[in-house]
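**Student:** Chain by chain, the residues:
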Amino acid sequence: MNYFVIGFYALLIGSSCLAAYYQKRSLFLLLFTLTLVCFLMGIIGGQPALWFVTVLAGIIALAAGTSYAWREFLVLTLPRDMSRALKTAPLTASFGLFVIFIYAVMGIFAPVIAPHGEAEVISSAFAPADANMLLGADQLGRDVFSRIVYGARNTVGLALAATILAFFIGAIAGLFAAVRKGWLDQIMGRGADVIMSVPSLIFALLMLSIFGTSMLVIVVIVAIIYSPRVYRLTRAVAGNVVVMDYIEAASLRGEGTGYLIRKEILPNSTAPLIAEFGLEFCFVFLLIAGLSFLGLGIQPPTADWGSMVRENATLISFGDVTPLIPAGAIALLTVAVNFVVDWMLFRASGLKE
Amino acid sequence: MTDTKEKKKDVLLKVRDLRIEGYSDEKWIEIVHGVNLTLHRGEVLGLIGESGAGKSTIGLAAMGFARDGCRISGGTVEFDGMELTTTPKSDLRALRGLRIAYVAQSAAASFNPAHKIINQHTEAPVQYRIQKRLQAQEDAMELYEKLRLPNPTEIGFRYPHQVSGGQLQRAMTAMAMACRPDLIIFDEPTTALDVTTQIEVLAAIRDIVDEYNTAAIYITHDLAVVAQMADRIKVLLKGEEVETADTDTMLSSPQEDYTKSLWAVRSFQRPQRSRPKGDVVPVISVQHVDASYTSGEKVLDDVSFDIYEGMTVAVVGESGSGKSTTARCITGLLPPSAGKILFRGEELPADYHNRTKDQLRQAQMIYQMADTALNPKVKISEIIGRPAQFYGKLRGAALKSRVDELLDLIELEPAKFYNRYPPELSGGQKQRIGIARALAAEPSFIICDEVTSALDQLVAEGILKLLDRLQKELNLAYMFITHDLATVRSIADEVVVMRRGKIVEQGPKDEMFTPPHHPYTDLLLSSVPEMDSNWLTTLLEERGVDNVGEAANAK
Amino acid sequence: MGDVASLILKRLALGVVTLFVISILIFGAVEMLPGDIAQAVLGQSATPENLAALREQMGLDQPAIVRYFHWLTGAISGDFGNSLVTGERVSSTIGPRLLNTLFLASYAAAIAVPLAIILGILVALARNSVFDRVANILALTAISSPEFFLGYVLILYLSVKTGLFPAISSLQGDMSFGDLLYRTFLPALTMVLVVMAHMMRMTRAAIINLLASPYIEMARLKGVPSWKVIVFHALPNALAPIINVVALNLAYLITGVVLVEVVFVYPGVGQLLVDAVSKRDFPIVQACCLIFAATFILLNLAADVGSILTNPRLRHPK
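Residue numbers (numbering that gives the first Met the number 0), protein chains in the order written: chain A, 0 to 352; chain B, 0 to 554; chain C, 0 to 317.
Here chain A stands alone, though its shape is the one from the complex (with noise of 0.2 angstroms):
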């Protein structure tokens, strides 16, 4: 026993106690479950697993602090209504938002931000972290930290073409089939069916081992493959609205298609539809970086979190955490976008009762 033990859990006791004196139920609930936790990971893996509990909880009080800060910021700065619903976000979703700016800057920045080009051999193979390389290098002796800053911008902005892509397939064609109903509807609908019965990662390797591995290929395969999500979403959506008596109305007077769909059921469906996209978009995200990591991505030398991961895989066995910093990197987006989804659907289910 020593200090560092004793004095970990009796903060954790002490300030169980504190919480059941003030009858904060939940919060004494979940502070007395960590000490138990804590109880038994200490008697399991020793001090280490404490440290790791500490130097965890510390990572989240920064998080949330970030997050704090981050909310205020953007209620200050936004304009007025859309800083009125952010002031109720919770943490998370203001987490999921400033990782969000910081890949978005990280992808455009690109350039300026990574110290050595995504394809540049600096040094020898694995080579430890230095001043000069933040993170060492890969198995080829290239810069790790710039390729994960190239990365955000090849691997994010691949996922986000195909998304926009399966979007705008699916959700025009949605649109359409609502509004017209009748056969087109029905062939449409078993078309997409069909496609949702092939599992995702199953249908993109056939495709992938056919049509080679090429970006375009890729994005369009992607697109291809979650365009019926989206389809179906769109469909469901648009297909409450036009049930509607305005859009019976706009019809009666005559209206076109176009018109229908442009002015009455669009601005009706924007917040499901902005929701599914960013949904969408980590599947797509997490199908794409499987796919790099199984080698039938994003080709090398460019920079790919998945492709990454593969290639320094073996580093796993050292106890090197090297191959975990792009997995990370894929996570952390995921986890962000997650996030806001997350409050947006709920913020979009509390207003409808």
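Wrong hints could be hidden among the right ones.
[Said to hold, decoys possible] The following label-pair restraints were derived from C-beta to C-beta distances:
{"#": "1", "chain 1": "C", "residue 1": "Ile75", "chain 2": "A", "residue 2": "Ile163", "range": "38 to 44 angstroms"}
{"#": "2", "chain 1": "A", "residue 1": "Lys86", "chain 2": "B", "residue 2": "Thr248", "range": "50 to 56 angstroms"}
{"#": "3", "chain 1": "C", "residue 1": "Ala125", "chain 2": "A", "residue 2": "Lys86", "range": "25 to 31 angstroms"}
{"#": "4", "chain 1": "A", "residue 1": "Gly13", "chain 2": "B", "residue 2": "Gln134", "range": "54 to 60 angstroms"}
[Claimed, not checked] DSS-like cross-link-like pairs, simulated, lysine-lysine; straight-line CA separation at most 27 angstroms:
{"#": "5", "chain 1": "B", "residue 1": "Lys415", "chain 2": "A", "residue 2": "Lys262"}
{"#": "6", "chain 1": "A", "residue 1": "Lys262", "chain 2": "B", "residue 2": "Lys131"}
{"#": "7", "chain 1": "B", "residue 1": "Lys508", "chain 2": "B", "residue 2": "Lys339"}
{"#": "8", "chain 1": "B", "residue 1": "Lys88", "chain 2": "C", "residue 2": "Lys9"}
{"#": "9", "chain 1": "C", "residue 1": "Lys160", "chain 2": "B", "residue 2": "Lys131"}
[As the list claims (entries may be wrong)] Covered stretches of chain A, going by a simulated chain C footprint (3 or more residues, C-beta under 8 angstroms):
{"#": "10", "segment": "252 to 260"}
{"#": "11", "segment": "287 to 301"}
Hints listed in this document are in silico derivations from the structure and should not be mistaken for laboratory results. Positions of the beta carbon are idealized from the N, C-alpha and C atoms, including for glycine.
Assemble the complex: chain A is given as a structure, and chains B and C must be docked to it using the hints.
**Tutor:** Same frame as chain A, now just chains B and C:
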């Protein structure tokens, strides 16, 4: 009903300065502002008010219950000496079902679809160990019989979706009675039912409440209904009490202006017009129309009627009678399978896609639900302006002045409403915008589909007057779809009665409202509650309990 | 019961048709190769004689329709032809690996399904509490992490740093069942984490959706205790959504298994598929795709049939 008043006993429920808050737009807003309420044992109190008056919320608060997103923020609710706002949850729960029971508006949604009706019935008595299961089942059958449900020994063993709405509502009343509670809250139990069905549910509820001398709070927005059911009436407006009095006093001499205005509503009646003499072509002529939805049964069977210029034809019937379907056939949304529709003597193409712009312009619609009839994301000026722009090719200043003119016509101030969106408007204002949109096309014929039934009475009155004025000024022909005979009385020139897709009877209003009637018209007319506390009693005496509602309808 | 039977039959027929369309899609995709399979296998430098010989051997001189039905009838009886790379029969390559994959998937499902449903219900009951929020954040994080991230994190912490479990799941025929479970624990755990998070969120949403219905409020107002509200009133109606959630996530396992197998070098179909794709060994790719798609369709079919069977309105027609 009268004898319960003499048995005036001790106070059962005492609510003082009740305040309830609702959560909306991310903050708590008070929706009930200090309501007092006293209920004696065996007494029936009617709570009436417009939508948003907070009547349901108060009803639930009487059980110590607040829905998600609501909370009781102040005041006391004392039930038989127990303070419900501070009682622990488990004790409150032990009160519900046993001593206070609840009957919900929609029986179809409030019965669990996965269990037989009788098993849901016996749940509370078995839970509270009042009766053993079999005993409780027998008791349920007895209650079903008292509530005049058909096949009382068998009906409980069906699933909720196998039983009709009116029967389910009575089964729910039986369920509320299962533990013989001291108090039952009836939350608009007949609002979702047709008039003919409503009667028998009302009669059944009244008898059973009388028989067991149960106290009840009866919540409704329908004055005539509450007059039949309640000993005393409390009028609510926007979460505040307006006045309380005995039913008869309240009906004969209301004190407050608001109450008086509610009573006065049904007085509006315009003079009846008759068909123009001579050889005049009707604006719309429906001739022998049959219609059915895809692969279904016929929903319209040989429907024919004419509508002349400047006249109002009311099409009356209960849900499923085919009155809205007729409107869909006229507008061309549902092409009829046989028969034709003439506009000023000329046949209209069956499908609206094939009609010319001018044909489309001539027939306009005003909808029941103004909420779904106006696009919430489009400005008022655009909603009204679009038809003028679309048909009349108006642009710029001409368009703006036309919109202003239309807003003036519907008695809304143009400058105030020009740039607003529908969700910012009240129900009546929205309905007026709907009327303006129809007028913007300069039609000669307007279909009004239950235009007043979603509105509170005062507002509805205003809309009817407006429609009448517009008809005079613009010489419009109206087809007025409604299930509300009071509306028919006030505005119609001719009446068409429909039932199960067929026309039962039609003719000028005065003839239709004087006997002899067709038996169905008679049933329909007699089923509409009147503002007289003895109406139901008299009616049941005249017709007999077995000759109202579904039983009579089946004949 | 007539209604139910005909509904199920319709659904089954639809499943068969979908599977048929998918088989056309899988077969047709390969037909879309620039050039033909023989060209793709032998590459640009192949001599015309070699090409002709291979075409002959693969029956490419026959029209596509004939070859499709030949392939389909073969596939139904378990014969997918020979591998282009090794020349071995595809079925004998896939067979044992399919068993391995199924074992891994069922291992993960056996842990994830009950745990996720119970957790989902608990979280739905404690909705909007601190626990709900923490669980939501954790679940979102797990969903958002790619399988290989979770996999490598687990390898790093549970294998490399602590040595609790083996990082690579090498399987031998004579291992005891307990040993097998131990050796495949990490890949199974990876899949459990992802699938459980999905399933928990969906269960929670389904239950909360249900708890808002009027009959649940009615049950509460009848004085039914809250556990009884859940068990008697909510659960019977929650069966259909829960069955859907389970089937959907089992289907999700199929996709997840590919990445997980690669991370842990697990000898299953997923890894075989990835290898075959990079070597352009089309008979194997086609066979694997058909198997995965068929499982996926079957699971969705099971879910639909399950929700038809548990619908009281359909079970007790008027």
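**Student:** Each hint needs a verdict: does it hold in this structure or not?
**Tutor:** Do the hints match the structure? See the list:
no.: 1; hint: C:Ile75 / A:Ile163: 38 to 44 angstroms; result: holds (41 angstroms)
no.: 2; hint: A:Lys86 / B:Thr248: 50 to 56 angstroms; result: holds (51 angstroms)
no.: 3; hint: C:Ala125 / A:Lys86: 25 to 31 angstroms; result: holds (26 angstroms)
no.: 4; hint: A:Gly13 / B:Gln134: 54 to 60 angstroms; result: holds (58 angstroms)
no.: 5; hint: B:Lys415 / A:Lys262; result: holds (23 angstroms)
no.: 6; hint: A:Lys262 / B:Lys131; result: violated (62 angstroms)
no.: 7; hint: B:Lys508 / B:Lys339; result: holds (25 angstroms)
no.: 8; hint: B:Lys88 / C:Lys9; result: violated (49 angstroms)
no.: 9; hint: C:Lys160 / B:Lys131; result: violated (63 angstroms)
no.: 10; hint: 252 to 260; result: violated (count 0)
no.: 11; hint: 287 to 301; result: holds (count 6)
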